[in-house]
Amino acid sequence: SRPPTAWAAMSFHPWEAITGAVVIPALVLLVPIHVAMLGCVLAIMTLMGVTNHMGWELFPRALVHSRLGRWLITASHHQKHHEHYLCNYGLYFRFWDRLCGTDRGLSDAFMR
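The sequence shown begins at 869 in the numbering used here and counts up one residue at a time.
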């Protein structure tokens with residue numbers, strides 16, 4: 869969606885939903901995790917998804933432009949995905965975007 873909204877975080881391909889519905893329970897069976905910790909992980913995943921799709925940056929500019937910020941997915945990074953669609957796919961860390969050559973940096977709207 870252009871511009872992205874928090875609702876865009878809940879819009880994904882059916883295969884992504886199926887994968888999540890299989891992988892998360894499989895990990896819970898393989899890696900012992902307390903139900904409260906699983907709830908925290910799922911809450912963080914949802915919070916990151918929503919905040920990265922709100923269209924405004926939640927993190928301070930100093931963090932976004934810091935050494936750590938260059939490895940994190942922030943709204944200013946993911947916004948570019950909604951402007952051009954063929955880049956910045958990640959939702960938590962930029963590692964996979966860099967490895968796959970799809971990291972295009974921050975959105976111009978956030979560079980000012």
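Source of the hints: derived by calculation from the structure; they are not laboratory data.
Note that the structure is predicted; figures quoted are calculated from it, not measured.
Just so you know, even glycine gets a beta-carbon here, dropped at the ideal spot from N, CA and C.
Heads up, a few of these hints could be off.
Said to hold, decoys possible - Simulated DEER-style distance windows between Cβ atoms:
id	residue 1	residue 2	range
1	L906	H952	26 to 36 Å
2	V903	H933	31 to 41 Å
3	C908	W939	20 to 30 Å
So the hint says 20 to 30 Å: do the beta-carbon atoms of C908 and W939 match that?
The hint (20 to 30 Å, Cβ to Cβ) holds, given that C908 and W939 are roughly 22 Å apart.
26 to 36 Å as the expected CB spacing between H952 and L906, which holds or is violated
35 Å, holds
Assuming the hint says 31 to 41 Å, is it satisfied by the Cβ distance from V903 to H933 or not?
38 Å, holds
No hint from the list above goes unmet by this structure.
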